[in-house]
Amino acid sequence: MSSAEGTTAPAVLSANRISKSFGEIPVLFSIDFDIKPGEVHAIIGENGAGKSTLIKILSGIEQPTSGSITYDGETVTLPPDGKAEAMGIVLIHQELNLAEHLTASESIFLGRELKRFGFLDLGAMRSKAAELMDTLHVRVDPDDRIGTLSVADKQMVEIAKAISRDARVLIMDEPTAVLSVSETQTLFEQIRRLTARGVAVIFISHKLDEIMELADRVTVLRDGQLIATVGTESLTPDSIAQMMVGRELSNLYPPKHEPDVDAPVVLGVRNLTAKGVKDISFDLKRGEILGFAGLIGSGRTAVAEAIVGLSHRTGGDITLDGKPVNFTQVAQSVDAGLAYMTKDRKGKGLLLNMGLRPNLTLLTLNKHIKAGFLDSSSEERALERAVRRFDIRARDASVAVGRLSGGNQQKLMLGKTMESEPDIIIMDEPTRGIDVGTKQQIYHIIAALAAEGKSIILISSEMQEVIGLSHRVVVMREGRLTGVLEGAEITEAEIMRYAAGIKSGNDERISA
Amino acid sequence: MSVSAPDIPAKPKRGFRLDLKTVGPLLALALLVLLGISLNENFLSYNNLTNVLARSSFIGIIAIGATFVITAGGLDLSVGSMAAVIAGVMIMVMNWLIPTMGIGWGVVIAGMATGILLGGVAGVFNGTMITRGRIEAFIVTLGTMGIFRSLVTFLADGGTLSLNFQVADVYRPVYYAGLLGVPWPIIVFALVAIGGEVVMRYTAFGRYCAAIGSNEQVARYSSINVDNVRLMTYILQGVLVGVAVLLYVPRLGSASSTTGVLWELEAIAGVIIGGTTLKGGYGRIWGTVVGVVILGLIGNILNLQSLISPYLNGAFQGVIIILAVLLQRGRKNA
Ligand SMILES: Nc1ncnc2c1ncn2[C@@H]1O[C@H](COP(=O)(O)OP(=O)(O)OP(=O)(O)O)[C@@H](O)[C@H]1O
Ligand SMILES: [Mg+2]
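If you're matching them up, the sequences are chains A and B in order.
The first sequence lines up with residues 77 to 588 when you count with the working numbering.
The second sequence lines up with residues 296 to 629 when you count with the working numbering.
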């Protein structure tokens, strides 16, 4: 999709034999990387491979331990603290970086406020922001506070902010991890518009189909080593995956074992009404994986939070093993064997300033108390188990969780949830930011849990994941349940029909 | 990878700086001791040291409570006024009990119990307003700071409340005597500090405090009863103010509207110098102990020398606080 001159022109930004260590720990080994004007260059690799670290070096936020950076043909030392933005290198972080209390328009113009006669020109900033949002097809008002936006909208504000900065090199760390399919398409449109203007785009994603669609070249990292840089046309998703994990990846999804027809209903929800959701009814059977599909913002998370007592239920009934329950505190639902894993790992899932151990055991600290005191060796054992089971890769267990790679944070959160040994697990976007190899592991873990007789509600915006794992799929739209699909009906087209509101209503199917 | 990454450029020296942050307070303390020794040979004398430590123990005990409050992301500005009103009421209760109970330990013990109970009640009040009333801790405790201060002024009718001389005589040893030559206030301070360190590090409560201060949402999603834990920190703070006061009352045997003025600031300063982060999420009790002792030593050293006016005490303390926070800055999110 790049113009011809894109491939022949000299590189605008390149890294030459870059190595990086944090303290004693080497993270990148002699990496060569370059990006040409008008090109989309994707970086892929397993969790913790060093992708985020590489682009932090390319944008000056981290300094390489050795090696050099060339920008516009000159060897440069990029200024830290994002000041490289002024030079035209803009980075959008993996974890969003917006100040929660600012409005969207303040956030977009932060540090480069428009002024008139020395005073802030609020009107002009607001209308320019609105214009930007319009071109991005985002429904965000310039006056909305960032804190009130959904993760996807926050991401769009970040992108609007980057676009408004006239970037020459735009670097995006997993921008689509939090976006729905249509939002991703909008983003890609913008990226194509930018590359047509000669902007160079570096892009990290774990979604291989996206990479095939968007990228001109792909660089594969594994354990801090450069494996290859190749043109996209010579690749298939399978060959990329193989390069990434260093082994063949077959059977991404484990075979489905349908739960017994007469398996008892473990969780019954009737006419649930709460903030953001209305009149939701469904049943979850023992050993079942019940997918929840729908567009982002369709109320799936709100259903989960109302069930476990994180938000107030205004109507309806919930039964657990046939007995009515009313959870008002998360602790109650955890005690009853029902655990919810949030999708917002940074804001609600993990304590970023603390180590792996306290994070893992926070939900289940009572299990690690002996005679009133914390038993740190028991905690340590739990951590060892979780590290093994979920393949959590931290080069140093005492490191603050905020310094783990995104995928490893996700795996730690999964470990934390599973520590409570729940019978029913509600997983909200469990594979967000996770590499394909690990995804496969997690899918097998989920299937194994179901085979053991645990029941799982799988909320996911990755359609393939819902289709590949679920026994039945609940589709939601604008806070309401629009359909329950079974067996052969579970197809992308059918789910989209219900999610988009083209089809709805089959209430007789609610209970299995 | 984390929001903090951009503002912490990874310098090769990072590991070293981190260490400095841990040993920083200890280093400062050692420097102060060396300075003290070089200025006055009496500095290391038994009398001087027990004197400094005994005086520091009131603030110290309060500051240990404050460490929990601050670690859990809260703040209690009312502790100084709370101390004054508790001292006032304790004295009134003891005086009032003399006709029925006579002079003796009975009255003193009743007074002590009153003090602790009152502290707990004040903590319940602060904590309930903050957690159930959903009002900022700063606002609530600023309010109660004013309320308590004016209550003690009212109770003392603008003057001084004095403990009955004979009861004061019975009570005196609690401040002036001790065990094996160590005054009681120092012993109690040490016990509270050890207990605090154990609770902070080795109990679920301590872990929960840090979790809540670090990210309240994460704590809530991790099934922690955030409101109850917060409430507990304020009650603990109140009870510890009560403990500090029952050691303080025998020292002067009186309370007035100027009792405990600025104690809240000294306590908070001690906590911060000790390395606890003001915005919560990380607290260390031993650091607080060191911080409080540092503040005490500054005053003491200024008194032991003649070059610099002791009236500059506050200025030196201020400089130390600012330095401590400067040193901490790198740890903000790490
Ligand atoms: N500031 C830091 N201090 C110490 N270690 C770090 C730091 N930043 C990153 N690391 C380590 O470097 C390695 C590479 O991390 P990086 O974030 O670059 O991975 P990634 O490829 O982006 O992974 P993911 O796909 O999970 O986002 C990880 O092991 C991580 O723990
Ligand atoms: Mg990353």
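Just so you know, these hints were derived from the structure itself, not from any lab.
Incorrect hints may have been included.
[Stated by the list, open to error] As a list, the in silico DMTMM-like pairs of lysine to aspartate or glutamate whose alpha-carbon atoms are at most 25 angstroms apart:
| # | chain 1 | residue 1 | chain 2 | residue 2 |
| --- | --- | --- | --- | --- |
| 1 | B | 574 | A | 393 |
| 2 | A | 443 | B | 492 |
| 3 | A | 351 | B | 492 |
| 4 | A | 191 | B | 492 |
| 5 | A | 424 | B | 464 |
| 6 | A | 399 | A | 455 |
| 7 | A | 351 | A | 289 |
| 8 | B | 574 | A | 176 |
| 9 | B | 574 | A | 554 |
| 10 | A | 351 | A | 157 |
| 11 | A | 424 | B | 336 |
| 12 | A | 446 | B | 492 |
| 13 | A | 354 | A | 397 |
| 14 | A | 399 | A | 554 |
| 15 | A | 579 | A | 554 |
| 16 | A | 443 | B | 431 |
| 17 | A | 424 | B | 452 |
| 18 | A | 283 | B | 492 |
[Claimed, not checked] Partial list, derived from the structure: chain B residues whose beta carbon lies under 7 angstroms from chain A:
| # | residue |
| --- | --- |
| 19 | 472 |
| 20 | 473 |
| 21 | 516 |
All C-beta atoms, glycine included, are put in the ideal place defined by N, C-alpha and C.
Proposed proximity, residue 492 (chain B) with residue 283 (chain A) (alpha carbon, max 25 angstroms): violated, 47 angstroms
Are the Cα atoms of residue 191 (chain A) and residue 492 (chain B) separated by 25 angstroms or less? violated, 53 angstroms
Under the criterion that the straight-line Cα-Cα distance not exceed 25 angstroms, is the pair residue 443 (chain A), residue 492 (chain B) satisfied? Holds, because 22 angstroms separates the two Cα atoms, which is no more than 25 angstroms.
Against the 25 angstroms threshold, does the CA-CA distance of residue 424 (chain A) and residue 452 (chain B) hold or violate the hint? Violated. Residue 424 (chain A) to residue 452 (chain B) sits at ~51 angstroms, over the 25 angstroms cutoff.
Agreement of hint residue 472 (chain B) with chain A interface, Cβ distance less than 7 angstroms: Violated, because the Cβ-Cβ distance from residue 472 (chain B) to chain A comes to roughly 33 angstroms (cut-off 7 angstroms).
Decide if the proposed pair is consistent with the structure: residue 579 (chain A) and residue 554 (chain A), CA atoms, cutoff 25 angstroms inclusive. holds, 14 angstroms
Pairwise hint evaluation, residue 157 (chain A) against residue 351 (chain A), where the allowed Cα distance is 25 angstroms at most: violated, 39 angstroms
Under 7 angstroms is the threshold here; is the Cβ of residue 516 (chain B) close enough to any Cβ of chain A for the hint to stand? Holds, about 5 angstroms.
Would the pair residue 351 (chain A) and residue 492 (chain B) pass a check requiring their Cα atoms to be no farther apart than 25 angstroms? violated, 42 angstroms
Can the restraint linking residue 574 (chain B) and residue 176 (chain A) be considered satisfied, given a maximum Cα separation of 25 angstroms? Judged against 25 angstroms, a Cα distance of about 17 angstroms means the pair holds.
Under the criterion that the straight-line Cα-Cα distance not exceed 25 angstroms, is the pair residue 574 (chain B), residue 554 (chain A) satisfied? Status violated; Cα separation ~38 angstroms.
Decide if the proposed pair is consistent with the structure: residue 351 (chain A) and residue 289 (chain A), CA atoms, cutoff 25 angstroms inclusive. violated, 38 angstroms
The earlier numbered hints that this structure contradicts are 1, 3, 4, 5, 6, 7, 9, 10, 11, 14, 16, 17, 18, 19 and 20.
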